[in-house]
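*Asks:* Could you build all of it, start to finish, from the sequences and the hints given here?
Each chain, letter by letter, is given below.
Protein chains: 4
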Amino acid sequence: MKIAIVGISGRMGQEVLKLLRLDEIGGGVSSGTSDEEFEKAIKNCSVAVDFSTPAISIKAAGHCAKHCVPLVCGTTGFSDEEFERLKSFSKHAPILYASNFSVGIFLMSKLIRMSEKALDDFDVSIIDRHHSGKKDSPSGTTLFLASQLEKSPQIVSLRVGGVAGDHVCSFTGDDEEITISHRSFSRKVFASGAVKCARWLVSQKNGFYSLEDYLNAKK
Amino acid sequence: MKIAIVGISGRMGQEVLKLLRLDEIGGGVSSGTSDEEFEKAIKNCSVAVDFSTPAISIKAAGHCAKHCVPLVCGTTGFSDEEFERLKSFSKHAPILYASNFSVGIFLMSKLIRMSEKALDDFDVSIIDRHHSGKKDSPSGTTLFLASQLEKSPQIVSLRVGGVAGDHVCSFTGDDEEITISHRSFSRKVFASGAVKCARWLVSQKNGFYSLEDYLNAKK
Amino acid sequence: MKIAIVGISGRMGQEVLKLLRLDEIGGGVSSGTSDEEFEKAIKNCSVAVDFSTPAISIKAAGHCAKHCVPLVCGTTGFSDEEFERLKSFSKHAPILYASNFSVGIFLMSKLIRMSEKALDDFDVSIIDRHHSGKKDSPSGTTLFLASQLEKSPQIVSLRVGGVAGDHVCSFTGDDEEITISHRSFSRKVFASGAVKCARWLVSQKNGFYSLEDYLNAKK
Amino acid sequence: MKIAIVGISGRMGQEVLKLLRLDEIGGGVSSGTSDEEFEKAIKNCSVAVDFSTPAISIKAAGHCAKHCVPLVCGTTGFSDEEFERLKSFSKHAPILYASNFSVGIFLMSKLIRMSEKALDDFDVSIIDRHHSGKKDSPSGTTLFLASQLEKSPQIVSLRVGGVAGDHVCSFTGDDEEITISHRSFSRKVFASGAVKCARWLVSQKNGFYSLEDYLNAKK
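Protein chains in written order, with my numbering: chain A, 1 to 219; chain B, 1 to 219; chain C, 1 to 219; chain D, 1 to 219.
Do not take every clue at face value.
Since the list gives no way to pick one copy over another, a pair counts as held whenever it fits inside one copy or between any two copies.
To be verified - Taking lysine-lysine pairs in the DSBU-like style, the calculated list, with each CA pair at most 35 Å apart, reads:
{"#": "1", "residue 1": "Lys151", "residue 2": "Lys2"}
{"#": "2", "residue 1": "Lys117", "residue 2": "Lys2"}
{"#": "3", "residue 1": "Lys135", "residue 2": "Lys188"}
{"#": "4", "residue 1": "Lys135", "residue 2": "Lys205"}
{"#": "5", "residue 1": "Lys91", "residue 2": "Lys2"}
To be clear, the hints were calculated from the coordinates, so they are not data collected in a lab.
*Replies:* Pasting the structure below:
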């Protein structure tokens, strides 16, 4: 199975590249790639994995649709209109979109929803810890997790040393506490999630998929 | 609402007693209570909470059935025959049985089942930590949690100081880890769970209930 | 050994009371106690433990000085002048003063100072977690811990459920992290620390002692 | 400053290599290197970093002594006689030896000694967690930590997923707990520690040094 890497010069593209066996690398495209080479790279592959910009993602989705190549997209920053455009190509090829490809974080979002229902009189808090170079605080993942809850949790963030990413969500009652935590050992986990999705997506029908579809299918 | 405490002289009975308001205490019975007083205590109450021995629990269940008084039972050590006996009384009064009344631990058992399905190639481990006076190791709760999993987790136990009860279950992959942990702040949590069940059970139909029924009803 | 409890009607006084054996309770005084009874209570004891108000503490210290009774004082809120007054009585009786009697927190303050020196290029953070009823944030203990460090740590606080008191101080580098954490199982720990100090103080010379003196003596 | 890497083909040698700037790499030797090239590599450098085997380490130490080149050695498995041999070369060049170059773990060993003294009636436990491929259990580092304590701690080990290395040492009393934990984000930390020692060692006098000497000097 050949995999095309869209956005190969970016940090995530490089992480994806490191994860593939030599014989799996079907080609890489980035902002400087000519249209002809771009299409050719997609056409020659069984699936494309994309961490780039909205404009490049939409171009990639167009080529994927034309050549029936599944697309895994982890690009962020789409306008609503752009996102609808991306989605429309899924009539002609399977597309899986996620803003976070860690299966652990996705699972965590379900675990905390379930916990909130069972422990509705408990206080909820989220601690996120990331490396000192991370500028946004709280993290996008923390905001995603908080969005899954009915009540607003107390949120605190620390930016220290080289922490790849820790998220700790606690449900605290008067007498007991349930804590659900996720720890990334390295940033590789996000690339790894996207590649796993790609391997699954090649055998799916046309349509627009989420990480949840992938996880449900594996059950 | 008056609550009868069956096994009032035991450690758990005392914890239940501490949790009730004066006007809720409907009576207490223990191994030394005469049959007449035992029946009278049950008859005068809206619900009974029982942490005792199988023989006393069955006696309590009989009186509860006769007077249509709901029973919350947390006694352990029933033989199969005894347990069936207990169960049979639930035709005449609602009975809720659980070996552990912490809603947190019950939730945890569901969270780890869900996690195992989503992360089936991850290594699973459970750490249990309890006070140095606890003799069984691993804890009954650890065995209960492990019984909910398909694969056998690595289990380790520590018996130190005055720890009321910590259980930590981790799902560890190459690049990320999900940890679900439960911490009891004191032994009160188990009594508190039983009393909450009792308050719910008074408005239920006859039948045999588990902690799961209580939790599902609250959703 | 008889122990007098100064401030016996307060929360901490009650915790101290619970910790003593019946034959150790030498008397209790509070704001409503007459001068005569106050002095008598102190006079009849081998040591006094005081969690009250500055005015009462100074009165207690006066009686202790007169009758050569050691005093363990955990009262807070002294003015500088009041504190000097308290101190002056230590010429006539040993007085040990501390704003926090948990030996664990005291040890932690030394461990983090040592860690900061060894890991001077690491980022430092403190998380404090307390029950939802606690109004001050960060906790006084967090401020005490931070005051022991040369650099200002990142500090975050959560107020959730019934947490008795957790303090977590991390030193985080690019590749590794040292974390020193303290967990109170209940508020009893503070009363327990004061009583331990009292038992030690009875065999000390006149003078003004800190928790550090007690800990150093035990080495 | 040029650094020679002894044992450059091994896992740790490769980690050291990754950490150096191109202009710092003074040469690399391994089991297959000729004597002449070996000596030349050492001679041309300001300092040598060695993770190899006892025989190669002793050879390296000989060349270092001859050419007054400082040596940082992290090789394990020396016999007593071999270790004395290594040590003897430190008359002619500074040699720093350590079985673990993580400054965090070294600090931890001092923190737990200090904690044991202050909390002598607390129960002590160590949890070590490493990746599933690690064969020895408990880890060498756990044994090192335990050797620093007077009492034997309870020790448990987990071998799960891709954990680089977690060590958690708790001192647990009836009412409170101090926990000192160390977490390696990656194996790089050990190479990084050795390189830091190398940069310090170049300006030291002849003699046999430990990681403690390096840490004390930095205070």
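*Asks:* Hint by hint, say whether it matches the structure.
*Replies:* Hints, verified against the model:
Only between protomers do Lys151 and Lys2 lie at most 35 Å apart by alpha-carbon distance; the minimum there is 34 Å, versus 45 Å within a single protomer. With identical chains, the CA atoms of Lys117 and Lys2 are at most 35 Å apart between copies only, with a shortest distance of 29 Å across copies and 44 Å within one. In this assembly of identical chains, Lys135 and Lys188 lie within 35 Å of each other by CA distance both inside one copy and across copies; the values are 20 Å within and 25 Å between. For the homomeric pair Lys135 and Lys205, neither the shortest alpha-carbon distance inside one copy (39 Å) nor that between copies (44 Å) is at most 35 Å.
Taking the closest pair of Cα atoms, Lys91 and Lys2 come within 35 Å of each other only inside a single copy of the chain (22 Å); across copies the shortest separation is 59 Å, beyond that limit.
In this structure, the one hint that does not hold is number 4.
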